[in-house]
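There are 2 protein chains.
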Amino acid sequence: MENIKLLLEYDGTNYVGWQVQPNGPSVQAELEKALGQILQQPAVTVAAGRTDAGVHARGQVVSFKILKSVQLPQLLKSLNALLPADIVVISIESVPSDFHARYSALYRVYRYYLSFRPTAIQRNYSWYVGGYDIDRKLLDACASSVIGEWDFSSFCKRDTNVDHFRCTVGKSEWTQNAPGIVYEIRSNRFLYGMVRALVGTMVEVARGHREYKEFAEILIAKDRERAGMAAPARGLFLEEVVY
Amino acid sequence: MENIKLLLEYDGTNYVGWQVQPNGPSVQAELEKALGQILQQPAVTVAAGRTDAGVHARGQVVSFKILKSVQLPQLLKSLNALLPADIVVISIESVPSDFHARYSALYRVYRYYLSFRPTAIQRNYSWYVGGYDIDRKLLDACASSVIGEWDFSSFCKRDTNVDHFRCTVGKSEWTQNAPGIVYEIRSNRFLYGMVRALVGTMVEVARGHREYKEFAEILIAKDRERAGMAAPARGLFLEEVVY
Chain R
6 MENIKLLLEY
16 DGTNYVGWQV
26 QPNGPSVQAE
36 LEKALGQILQ
46 QPAVTVAAGR
56 TDAGVHARGQ
66 VVSFKILKSV
76 QLPQLLKSLN
86 ALLPADIVVI
96 SIESVPSDFH
106 ARYSALYRVY
116 RYYLSFRPTA
126 IQRNYSWYVG
136 GYDIDRKLLD
146 ACASSVIGEW
156 DFSSFCKRDT
166 NVDHFRCTVG
176 KSEWTQNAPG
186 IVYEIRSNRF
196 LYGMVRALVG
206 TMVEVARGHR
216 EYKEFAEILI
226 AKDRERAGMA
236 APARGLFLEE
246 VVY
Chain E
6 MENIKLLLEY
16 DGTNYVGWQV
26 QPNGPSVQAE
36 LEKALGQILQ
46 QPAVTVAAGR
56 TDAGVHARGQ
66 VVSFKILKSV
76 QLPQLLKSLN
86 ALLPADIVVI
96 SIESVPSDFH
106 ARYSALYRVY
116 RYYLSFRPTA
126 IQRNYSWYVG
136 GYDIDRKLLD
146 ACASSVIGEW
156 DFSSFCKRDT
166 NVDHFRCTVG
176 KSEWTQNAPG
186 IVYEIRSNRF
196 LYGMVRALVG
206 TMVEVARGHR
216 EYKEFAEILI
226 AKDRERAGMA
236 APARGLFLEE
246 VVY
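Going down the list, the sequences are from chains R and E. Each residue of the first sequence is one higher than the one before, counting from 6 in my numbering. Each residue of the second sequence is one higher than the one before, counting from 6 in my numbering.
Don't take each hint at face value.
Incomplete in silico selection of chain E near chain R, CB under 10 Å [stated by the list, open to error]:
no. : residue
1   : Tyr-15
2   : Asn-85
3   : Leu-88
4   : Pro-89
5   : Ser-96
6   : Ser-99
7   : Ala-125
8   : Arg-128
Here are some chain R residues pointing at chain E (derived, C-beta under 7 Å) [what the hints assert, rightly or not]:
no. : residue
9   : Lys-82
10  : Asn-85
11  : Pro-123
If you're looking for bench data, these hints aren't it; they were derived computationally from the structure. Quick caveat: nothing in here was measured; it's all calculated off a predicted structure. The beta carbon of each residue, even a glycine, is placed where N, CA and C say it ideally should be.
The task is simple: from the sequences and hints, build the whole structure.
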């Protein structure tokens, strides 16, 4: 048995998400189908982050085990030939047998792109927050306030797969990225819907729809009913996974 | 009569180009249809650059005259509501009656994106030049050699609308842009197919398919049969038009 690690980029626009689901095409299903065709054996893949429908990845990491040994450069080439154009394998390597794309990760990096005007080129890769003034200072203040170890129960969707909601956030920062701004968050783990709930709530504060002090109150409340609306999936990228 | 100037961004993937053509949807037709609906009068638009099928624009400039006066912020809003999501009006202003999007331009800026690996997110916005080693020094040397005033007959497609082929190139430069590089060229005018012919020929040199000295020979030859293949449309952006 050989343990394989893939670095994957995908445009999530046309997928129901990473995970295989009955209601539409998933990135995992496309990848496992291509692997099965090439390897002539079923491949069960594990991803570092189970991205939602419409969420993109520039640095998703996937691991899987194969029975027979293969030429990795050839496998990379064959995968990219078989996969749809919106899924690309960037690199492939053999890793120790205890490597697990999800459990071995030290931290993950997500980015969320806001646009201050409608954009044609970035229309599937950003959230246009038009029609309201965005107070950048409030966005920055909200972002800073989640750095550290917190229980993010308020900022996630119900997920019965986790036994606690604590995440250690090392970076949480907005920076310029014309024609808008980009939010980068690094954390040892992310809960289901966490980044989109954080961004959606931060934007409500920055638009003046909520008070800034409410943001801290929501975090402390550990109540998933309190957060704002989720920001749209299309602005979110799984950027990097660090092991 | 009021003279109006629009700044336009579009994703050219699904269009036959800027110009109205019988064989498919054009950016001009979409824009003129939306203008006609809003203004209740036919609008004849002129663009700074007649981009080809599949070519994108981040800074196309369009001018047109209208008979009755309109509220420009409202016109901007209405246009973006009516236009397809892959065409966006960035700004709109009233300009002196002698302003002409094409003839008043001092220079135009185009960018061409090369990618060194397949990419999912940029698949419609770059040319993946895989399978060959690209010699960056040769690309740089080719790019530098077209700076100045030259007759670009060798680097264009037949176009009966122009009476000479001289262009004054002020900038012609490759820079890093992960996962590839980007070429920026500024010129007072561009001939039909010029940037794609230049990039295609530079890449042939950088791949070792042609000698570097051939590039200068082609330029001097003023023979449109001599240039290399045109680089694909999807990597090309009309970036800016300066007046």
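How the hints compare with the structure:
no. : hint    : verdict
1   : Tyr-15  : holds (5 Å)
2   : Asn-85  : holds (5 Å)
3   : Leu-88  : holds (9 Å)
4   : Pro-89  : holds (9 Å)
5   : Ser-96  : holds (9 Å)
6   : Ser-99  : violated (20 Å)
7   : Ala-125 : holds (4 Å)
8   : Arg-128 : holds (5 Å)
9   : Lys-82  : violated (9 Å)
10  : Asn-85  : holds (5 Å)
11  : Pro-123 : holds (5 Å)
Hints 6 and 9 from the list above are not met by this structure, while the remaining hints are.
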